[in-house]
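Number of protein chains: 2
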Amino acid sequence: MAHDRDSVRALLDKVRASGRTALTAPEGKEICDAYGITIPAEALATSADEAVSSAEEMGFPVVLKIVSPDILHKTEAGGVLVGLGSAEVVRAGYDQIIANAKAYSADAQIIGVQVQQMLPPGQEVIIGATTDPTFGKIVAFGLGGVLVEVLKDVTFRLAPLDAGEAASMLDSIAAAEVLKGVRGADPVDRDALAGLLQRVSELVDDFPEISEVDLNPVFASASGAVAADVRILLAEGQPREVPKYTTEEILSVMERVMKPRSVAVIGASNETGKIGNSVMRNLVDGGFAGEIYPVNPKADSICDRKAYRSIGDIPGEVDVAVFTIPAKFVPGALEEVGTKGVPAAILIPSGFAETGNVEAQDEIVAIARKHGVRLLGPNIYGYYYTPSSLCATFCTPYDVQGSVALTSQSGGIGMAILGYSRTTKMGVSAIVGFGNKSDLDEDDALVFFGQDDNTQCIAMHLEDLKDGRAFVAAAREVSKKKPVVVLKAGRTALGARAASSHTGALAGDDKVYDDILRQAGVIRAPGLNDMLEYARALPVLPTPQGENVVIITAAGGSGVLLSDACADNGLTLMDIPADLDAAFREHIPPFGAAGNPVDITGGEPPATFEATIRLGLDDPRIHSLILGYWHTIVTPPMVFAELVGRVVGEARARGIDKPVVASLAGDTEVEQASEYLFEHGVPAYPYTTEKPVAVLGAKYRWARNAGLIPD
Amino acid sequence: MAHDRDSVRALLDKVRASGRTALTAPEGKEICDAYGITIPAEALATSADEAVSSAEEMGFPVVLKIVSPDILHKTEAGGVLVGLGSAEVVRAGYDQIIANAKAYSADAQIIGVQVQQMLPPGQEVIIGATTDPTFGKIVAFGLGGVLVEVLKDVTFRLAPLDAGEAASMLDSIAAAEVLKGVRGADPVDRDALAGLLQRVSELVDDFPEISEVDLNPVFASASGAVAADVRILLAEGQPREVPKYTTEEILSVMERVMKPRSVAVIGASNETGKIGNSVMRNLVDGGFAGEIYPVNPKADSICDRKAYRSIGDIPGEVDVAVFTIPAKFVPGALEEVGTKGVPAAILIPSGFAETGNVEAQDEIVAIARKHGVRLLGPNIYGYYYTPSSLCATFCTPYDVQGSVALTSQSGGIGMAILGYSRTTKMGVSAIVGFGNKSDLDEDDALVFFGQDDNTQCIAMHLEDLKDGRAFVAAAREVSKKKPVVVLKAGRTALGARAASSHTGALAGDDKVYDDILRQAGVIRAPGLNDMLEYARALPVLPTPQGENVVIITAAGGSGVLLSDACADNGLTLMDIPADLDAAFREHIPPFGAAGNPVDITGGEPPATFEATIRLGLDDPRIHSLILGYWHTIVTPPMVFAELVGRVVGEARARGIDKPVVASLAGDTEVEQASEYLFEHGVPAYPYTTEKPVAVLGAKYRWARNAGLIPD
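Residue numbers (the UniProt record's numbering), protein chains in the order written: chain U, 1 to 711; chain A, 1 to 711.
It is possible that some hints are incorrect.
The list treats identical chains as interchangeable, and a pair is accepted whether it falls inside one copy or across any two copies.
Okay, derived cross-link-like pairs now, BS3-like style, lysine-lysine, Cα gap no bigger than 30 Å in a straight line [said to hold, decoys possible]:
no., residue 1, residue 2
1, K74, K180
2, K511, K152
3, K306, K274
The set of hints was computed from the structure by calculation and includes no laboratory data.
Make a model of the complete structure from these sequences and hints.
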């Protein structure tokens, strides 16, 4: 739609010139007109004739209201008449209002009577736009009244909206059904509402100086959507500038960080217990094949490598400089690193913004910008990239190569990632600490890991985003190809308080993060352990080719709990067709339950498991399997694990690659069986019916967002 | 309040006699009058004078409505006038309505005009009572309109309600704030609403034949609560009879089941792999000190014990007979058991109601009733009671004595309980299978474990309740003394479908279960693993003496996630007073954050942990501690674990017994450290910030319900 941008530009300039930030009602109306935002027709009448002709123009019924600077309480003054349905009634009403006003206050200056189109009864909704510190312009939608104010039933999206995004907002509130018509009401005009959302989003996108738009209430009915009240505010200051880099620039530095030919360790040390010693040893012990240059003015050799007094003394090129010196020495060393032309500095030291020392951090950022050095950190544990056998960290080396890249904003969470990875033998491509994020951050990592063939899944712990728009742009692209899991800490009011004491970051409202991360195709993990479990299981699970999930269980009790978990995770239990039901029944005892869950009952031999699982894999109408195992002497845990591993492996060899997960109930042998299954491509868990379904649910959420599930 | 029960009795008898189950509006009004349920005053007027005097009696304003069997669309006929505020207006209105009606339909028979009290504008709410298959009479409350119909924002309680329960309903809906007055509205008269709920609950409690009451809508305002529409239905049939036992009867049999002097095994066998062999060996190997009598007509001795041809041949008294024979032999053997006077039979065999063979189950129940034998099962794994060293099960023995009793309706879940207990070394007093619950069930177990000094916590997996009222009665009593954790399977629509295919049990609506279990003081576990984790941690945690929770963390990142978890679990982060803040600051680096979380920062030595934890334990204003550990070389995991164990132990020795939980982030050594801490009274978990807070939250939920937290 063609908006009249010129008139809005002129109007905003005029408002700016007058020094105001709040627009008047007529100014709001002018902007609404320019952007096709429907508001009630209105006109000022100074005679009964004028009132009648205005009313005839806008259509009956109308509302009449006294206009007088001296009458604040119009209703009290008898200055409001509603629902006037004909020319005669409007004429009489005009005279009556004027008479009432004079009777109420003889001295009042009377400008006239406002004639206003009366809105058809409809559903009250709220449409707004605001400027989020993380994401910039965002659009909000909710139902009016109690639902928004008490239940906070509201949804957010980045502006501008495309048509699909605008339409999706109508379905993203809890009370979405109301818009479809309940209690005998007609459904609202969804196109009109979605169109209104789009127009508001375009307005704030076109004019970033508009900090806030409130259409509240909007009356939505079967015949359209009309904004009964409009409030527009302009920003007081200018939006902050965020440095922007091109994809090529990001990839160029990230390639050198992750696949360096040479690494210098500034502050390398021979002294056990020193960070500069740990980093050196991890680089050496981790098997990094490139050059390792220790830098230390007081040593000739460190970990059997020649040491250099300063980075400038290193003869060859240096791709990465890892800093392991105290904060106060960083600026000087960073100048040398910059002079040497090193593209990236890994700043392990703490003592910057996280301790309140913002100036020190600003200083190093300025030095880095001057020299074109990109920074990771400060205040981090370093990073791992297993395809390069690179452990540029003071933690212990990690060498189980695999396809998941994990990042964390906090060192503690990084250590939890490391321990969990080691104990579960999770295959990892990278673990990266971001700490204070003075420069490189999650969107840079997304850009790199998105195109990194060694990485099939990305899991990120974060407390804030420096540039929400850059993150969303990267996540949108990457999540079409591989799952992006995010643990957003500071979700709650209590959590957000801790976040601001920790990093000084302004934690945004969680609902905004939640909606916009989903809009970006990100899978959100509700907690730390969930993020780790998703990261471990998602790369193992193939992408489901449809929504039909079947539970095959030997324990009816587990079947019920697995079904509960399916509902919790938005999975659809397949409605089993009669022929398939009959096929399952051929393999299970007469008192077993076919249907879904398929309950093969508890005392069955391996052959029953094998036959039913094989059936589930082979039938193309079934898209995913959830297995419920119950420990018996007839089919012990490892027998079950081996047969499932074999049957699934055979199916994959035949080109049938469906997600299969398992819940194992039994004595402690089920732990070993679960490990075996995981190693054979079946995420399996002992003593829980929730986890296998949660990871399958996460895979589905990703696949749906990425548009990978055929309809 | 004194209700007029006699008039209701007479009215219901009259309705019954007429063969109806639906009450007419005047009958509904009569019942409302008898129970003090306010409905709008109304009267029939056949003259303008009568209309005026009725209106004067009920108070202005009033509504007038034509009463004519020939006029269905009263409004269309000009037969309704609202808001008539004076005698004159009512008089004129009467005449007008009659005139309008005659003009509308000259032939219409006109009975007169109904004068109705006009309700003040108020909040629409819904109050109802219904008959739940599990819980019997229950009362429902919700806000009218969209909130109930679309968002299902409704809450339930058992009838009858006491005043506190009735009041609690007003706070148990999501939109509770609406009743307190939002958007300028006055708060509603809470006493009037709660009183109305109580009266409805008393009505259905007094007259069980009333199957349903609907007051919809009720207009609640600052001046009262008036039911604008009343619908009352009577039950078609008679409620089913559930056998009732006294507490003494239950305890008498449960004592003999759990602490038997002698156990007979019907179907004992020497053949490895047979259930009758497993049970014998578990009894013997488990160390049961009483008599063990194998019963098998074909053997002289089993597991080195003299075998008997039938139970009748056993010389001494037998407390428990464990059945390990196929279903078809159970009735005959049960007759013999009954004749022998054995008080309890443990029916391991399957092949009864769970396979559709309801008749077989009815048969054994009848035999048992005839002889006064109580039944556990059929279709179970048996049971464990560790204080008696009793493993009457075909699973493996379990011998880690402790204070939690667990029960499960399903064998698979029972095996998960066993494996989890063994791997976590969870101290257990009992594990009991209930299976088909033909007789003994969860409320019998609650009665026994409630008074069992060996049991401090009870955790139950269940899919249905045979007698919801008996369960609630037992749970209410027991949960005042010890936590009762329930995993209710079949929570969701999908889950409920699986439940009915599994046990034939009618899974009730989950919201009813949820509200009523909470009303009974039960802690509900969201999933299997949660139930197990609660069961393990709750007996270890002391009861908190107040709501002030403090997080002490070495990793700011964990602090944020722990704070998120506190909000998720309804825990209150203490607002730290200035003097306490200063005291914490004395021990932590200047860039650490006091406040709450107390962030001691990552590089601190054991002394900092010790000083801050000691401060948290010693200050009486702090009631619970959550510790966030981050693996460093300065304070390695086991150093942390030992110091926390020591400091907490010393405090307990000094009489300071506060709940302390811990989240450990780090390399795999944190697993051993977590185990150590758990063994030393501090529930601790690696790689998760959620679990420690979840178990603390469960302890708080219990303690609040039990009234154990001082205000």
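Non-conforming hints, listed in increasing numerical order:
none
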